[in-house]
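Novice: The chain contents come next:
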Amino acid sequence: MTGAEITSLAAEPMLPVPYLVAGRAAETHDCVTLRLAPARDSLPPFQPGQFTMLAVPGVGEVAISISGDPAAQDGTLTHTIRAVGAVSTALHNAALGTPLGVRGPFGTTWDLASAAGRDLVIVAGGVGLAPLRPVMLGALADRGSYRRVCLIAGARTPAEFLFRSELAAWSRRADIEVELTIDQPAAGWDGQVGFVTEPLARLPVDPARTTAFLCGPELMMRFAAQALLRKGILAGDIRVSLERNMQCGIGLCGHCQFGPILVCQDGPVVSYALAGPLLTIREL
Amino acid sequence: MTEPEDAGPAVFGLDGLDRLVAVLIGEGYRVIGPTVRDSAIVLDELDSAARLPAGLGVETGPGYYRLQRRQDDAVFAHSAGPGSWKQFLHPPRRHLWSAGPDGEFRPVPPGSPRYAFLGVRGCDLAATGILGRVLGGGPQRDGAFERIRQSLFIIAANCTEPGGVCFCASMGTGPAAGPGYDLALTERIDDSGHWFIAETGTPEGARVLAEVPHRSAAAAEVQSAQAEVSAAAQRMGREMPPVDLPALIRDSRESPHWADVASRCLACANCTMVCPTCFCTTTEDVSDLTGDHAERWQRWASCFELDFSYIHGGSVRQSGASRYRQWFSHKLGTWHDQFGSSGCVGCGRCIAWCPVGIDITAEASRLVELADLAQEAETRREDD
Amino acid sequence: MTEHGAQLAGSGIFSGLSAEELELVSTAARPVWFGAGQRLFLEGGPARGCWLIHDGCVALDLLVPGRGQVVVQTLGHGDVLGWSWLLPPYQWHFGAVALQPTTATELDTDLLRTLAEQDPRFGYTLTLSLFQACVQRLQATRARLLDLYRSPHDRR
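Residue numbers (this note's numbering), protein chains in the order written: chain A, 5 to 288; chain B, 938 to 1321; chain C, 5 to 160.
Bear in mind the hints are in silico, worked out from the structure with no lab data behind them.
Note that the structure is predicted; figures quoted are calculated from it, not measured.
Among these hints, one or two may not hold up.
Have a look at the derived ranges for each label pair, beta carbon to beta carbon [claimed, not checked]:
#	chain 1	residue 1	chain 2	residue 2	range
1	A	Gly236	B	Ser1088	52 to 62 Å
2	B	Cys1205	A	Ser169	51 to 61 Å
3	B	Thr1316	A	Gly236	47 to 57 Å
4	A	Arg234	B	Asp1181	48 to 58 Å
5	C	His97	B	Asp1320	44 to 54 Å
6	A	Ala145	B	Leu1243	52 to 62 Å
7	A	Glu287	B	Ala1168	16 to 26 Å
8	C	Ala40	A	His33	43 to 53 Å
9	A	Gly27	B	Gly1037	22 to 32 Å
10	C	Arg125	B	Asp1274	48 to 58 Å
11	A	Gly121	B	Asp1320	29 to 39 Å
12	B	Asp1274	A	Ala212	38 to 48 Å
13	C	Ala40	A	Ala145	48 to 58 Å
The C-beta atom is built at its ideal place from N, Cα and C for all residues, glycine as well.
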């Protein structure tokens, strides 16, 4: 991208950059992973934890976390989208070649590098695994920089896990600890049955050397954080990914406020030391 | 014609005011100022100073605003009307981009109007500065807002006639206008006539003033004008309690007071519409029947809207109490965390235009009371 | 302290017991091992025995007519299996089967109940320990009931 192009993109932060759907893979009955390729100019590279604003012209725009490999240098963006509303459903159904608009990447990062030399405990609930996938990929790409890498992922049923073939591959590796657990009894599943906090409570940890990354429904992150705190892990060593209504993604529309935090700029990744007390306030 | 680099304040009469407006229009500015419409003093485009609301004042109170005939012909002797300058800086509706079947996103060409704001009071001038920090002071900036603000010519009006709902003095924004004006006028009507004492704030202000016939103000005139403005500070309708509001609000998140306000608040969003610093917006997407041509628009939003905080499945803030708490806490508390100052300038509009007369200063005072009571109860418990 | 006592002391569940109380409990303890697929007990059976799981995975299941044996919960390292021995009618409400090779400490609950009746203070502490495990299990179960991962379209 030329300097002039960068300036023009910065001058109009509400103007989407055209991308096309270059690949799609169904993850579950209502989730799909889209790979987007730039129609012309690429946006800047992303860091794990960040999101983009994806626009379907005429339908709307939503904030979606990036679920791709941070090391990929091909200019594409990967998002895993659950069809929950008008825009996400349109994205979920977008065929190959569909033109979309993208703005970003925005927001704070998981800051994996700051956890170098420590044990990583990654706790994902439901589609919360998507924003954490870049953390896993980043850790695996530089495995020697981290001590233990532990992933605990919960889903409603076996069929609702995202990235199932990747999870299976990670489960087979001797250098990662992977625990999968389902909420609802399911026939044909011989793995763990229980809420994601249960394998988490059982996990032996060294609190002084552990950094935890949590993503999922807000209540699940709170319960998981409480389980980690009970194990002696400091709130400042727990990071959560928050979610709020976003209209602009750039700190100008006011919708994503969470107390003093603007989730699009001070988040979505926030230290639990800051987020914890706020998360207990009803309807904040 | 007088020389540009005058040493001190200038004085001119009504004919000078006429000339000032004419000069600005002649230079291509759209002059916006107060004028009467629909039984209120609103802000609108003026084609001459004759449109100013001469001889009109206002009587204001919680949920109350009435025009009043004055004994004199003062043009600036009225406090904040329902509209604020934000409707020009940060329009209620804005077309952001268009998209065609080719997948291209086209920005809307900026139609940068050059505005001259005539009669900006201290509270509203501070509000303009606050909007500047919100929309133009962060890592991402609102380009359209910045373009308008860059070409803005501001003539402030030092206030000598505070209203019943005003509390700019306790918010530190008035009645004297703070820095940020090109020219500041203090209106004076006495035995010798109807005058405006003009102070220059910028070289552009000096240049425009040079086009208006005027004389240098005598020291006595300047002092007298300043005294009137200072006296106005003592005649405020109300005041915000002088406490650390952000800390009070942080400690009051679970206060029973929010339910009390909610029993009165209609969540009608009037306060956010008339507030000169409320800036929240929502985007809307429209397309034609073929679906080939789509547009994205931005419109004013309010945190009182039920779906303002909507995320998959429902809104985070559903109760009226939580939404009032959000508005109040943001305006007086977390605005400091986000933008480095209070969001409230003490103009009192939210009090006048609340249909049930909720007074933000009274609600703040009540929170102080409740906090003090809780503190006393705590102390008594410890003593036991 | 015996090896069992040390193991019990290290478990979160019995950490509230004093050293003497732990020794009492450890006299009722013995190490056990289950192979994958080995059933510990079936629902409806007489509830005797309590297991502190060290390693492996044990499933709690129930026969649901038309669905077969349904696993409602799995337990692992640090979990206590078996509470129904403490309360009448002293019958298992669910079955338990090892899903993986599992090591555990088995407690003689007849002895524990006798000790508890003789020493109410010990009984109280023992009950509180089990109650804590029960509360944690209940909270996790309630979290599952909330069905937090469901789609917003499921308006139940």
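Novice: Indicate, hint by hint, whether the structure satisfies it.
Specialist: Okay, the hints, checked on the actual structure:
Range check, glycine 236 (chain A) to serine 1088 (chain B): Cβ separation about 59 Å, and the 52 to 62 Å hint holds. Under the hint 51 to 61 Å, the C-beta atoms of cysteine 1205 (chain B) and serine 169 (chain A), about 53 Å apart, fit the expected range. In this structure the supplied range 47 to 57 Å is violated for threonine 1316 (chain B) paired with glycine 236 (chain A), their Cβ-Cβ distance being about 35 Å. Against the hinted window of 48 to 58 Å, the Cβ-Cβ separation of arginine 234 (chain A) and aspartate 1181 (chain B) comes to about 34 Å, which falls outside the hint.
With their beta carbons about 52 Å apart, histidine 97 (chain C) and aspartate 1320 (chain B) fall inside the hinted range of 44 to 54 Å. Separated by about 45 Å at the C-beta atoms, alanine 145 (chain A) and leucine 1243 (chain B) break the suggested range of 52 to 62 Å. The beta-carbon spacing between glutamate 287 (chain A) and alanine 1168 (chain B), approximately 45 Å, falls outside the hinted interval of 16 to 26 Å. Taking the beta carbon of each, alanine 40 (chain C) and histidine 33 (chain A) are about 31 Å apart, not inside 43 to 53 Å as hinted.
Between glycine 27 (chain A) and glycine 1037 (chain B) the beta carbon distance is about 25 Å. The supplied range of 22 to 32 Å therefore holds. Checked against the hint of 48 to 58 Å, the pair arginine 125 (chain C) and aspartate 1274 (chain B) passes, with Cβ atoms roughly 52 Å apart. In this structure the supplied range 29 to 39 Å is violated for glycine 121 (chain A) paired with aspartate 1320 (chain B), their Cβ-Cβ distance being about 51 Å. A hinted range of 38 to 48 Å is violated for the C-beta pair aspartate 1274 (chain B) and alanine 212 (chain A), which are about 31 Å apart.
A beta carbon spacing of about 35 Å between alanine 40 (chain C) and alanine 145 (chain A) contradicts the range 48 to 58 Å that was offered as a hint.
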